[in-house]
Amino acid sequence: EPEVTQTPSHQVTQMGQEVILRCVPISNHLYFYWYRQILGQKVEFLVSFYNNEISEKSEIFDDQFSVERPDGSNFTLKIRSTKLEDSAMYFCASSEADGRYGYTFGSGTRLTVV
Amino acid sequence: QKEVEQDPGPLSVPEGAIVSLNCTYSNSAFQYFMWYRQYSRKGPELLMYTYSSGNKEDGRFTAQVDKSSKYISLFIRDSQPSDSATYLCAMSAGGTYKYIFGTGTRLKVLA
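Heads up: the sequence lines are chains U and L, in that order. Okay, so the first sequence: first residue is 1 according to my numbering, each after it adds one. Okay, so the second sequence: first residue is 1 according to my numbering, each after it adds one.
In case anyone wonders, no lab produced these hints; they're calculated from the structure. Heads up, none of these hints are tricks.
Mimicking DSS-like on lysine-lysine, the simulated pairs with C-alpha atoms at most 30 angstroms apart in a straight line are:
| no. | chain 1 | residue 1 | chain 2 | residue 2 |
| --- | --- | --- | --- | --- |
| 1 | L | K108 | L | K56 |
| 2 | L | K98 | U | K78 |
| 3 | L | K2 | U | K57 |
| 4 | U | K83 | U | K42 |
| 5 | U | K42 | L | K70 |
| 6 | L | K98 | U | K42 |
| 7 | L | K56 | U | K42 |
| 8 | U | K83 | L | K98 |
| 9 | U | K57 | L | K70 |
| 10 | U | K78 | L | K42 |
| 11 | L | K2 | L | K98 |
| 12 | L | K70 | L | K108 |
| 13 | U | K83 | L | K42 |
| 14 | L | K67 | U | K57 |
Since the structure is predicted, the reported quantities are computational estimates derived from the model, not experimental observations.
Next comes chain L alone, as it looks inside the complex (with noise of 0.2 angstroms):
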């Protein structure tokens, strides 16, 4: 089993749908955990961090953490065309200054 899972898509949505992005992950010990984005050949761009469970919301973005199920989500609120991007997951146990990142996943909003 891989560490972090993440579809690739690519995710199509026509705009202002709400988009849901997911990650799972298999190692219990990850304790932080980031959504950037990444635009076509361009670095990520740190969008939410978390920490443990729970929720966090910035504007129209939401964060969630379920450990329990070792998945964590990102929510997008009414979805822009300037949304379209890659969406990476990332995780690290703490103790380490290196995360873990998922494949990403493609999103493409439809004007």
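In isolation and in its complexed conformation, chain U is listed as follows (with noise of 0.2 angstroms):
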């Protein structure tokens, strides 16, 4: 069954670090998530990106985040300067509509801010 791809699965960083998450597509899907999920809170939007660019963006994502899909593969986040509180796991998932019928989700990388 086609998977979404998620690396690293573990990423430490110092604060104020830049960090990009990557992220493989389910290689037939046209539409991009990223959400997070801070421990024992529930999962939320971060952006979705189709065509090319950022079709809608939550007020958590800020100029400190960004997504590009630098090929015709991946998908990453980029976060520019990271702080404690964007410790959390961040899940991309991808669709081949718009989401109205789900999304399918990859396994996340667990991001801790030091």
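Could you fit the two chains together into a complex? Lean on the hints.
Pasting the structure below:
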């Protein structure tokens, strides 16, 4: 069964450092998303991406965040200057249609900012 | 009032029991409703999706949406220990790419 692949599975970074989280969505999917889940809290929407541009973003997704699809297979989330409160599980997801039938999520990257 | 509310549990049931998981919501614009299962330290896995009101069945799982009451349910028949996980509801208004998730209900099915 097709999968969304995320790397690394766990990343530890120092506060103020830049991190890039990587995702390989399902190959025939056109819509891509990043969500995050702070430990013990709910899954929260960050951003959606379609046709090589951001289609929607939440208030969490401020100027410190950016997304990119640098080639035909990868989808990345960059955090420019990490804060302690950025520590969370970050989930990439993709969908064939605009999400009305749900997404396929990856297993996540656990980001720990120290 | 929170936009989506879900009892966090844990809910413990014996193997073979019928499980009922529920979410309430406040936004009457929600049209698309999902149920995801999440195992510890894994990503959410889509179980069921429904549009608007009504029932949908898939194997041991039945999803119900009652828009008039702003209430959705997931029923699991003949529950198995492998069903032990956190169950997340998620919903969207349509015309938007984002889903609003509940906090999840932790289910334990005891062998």
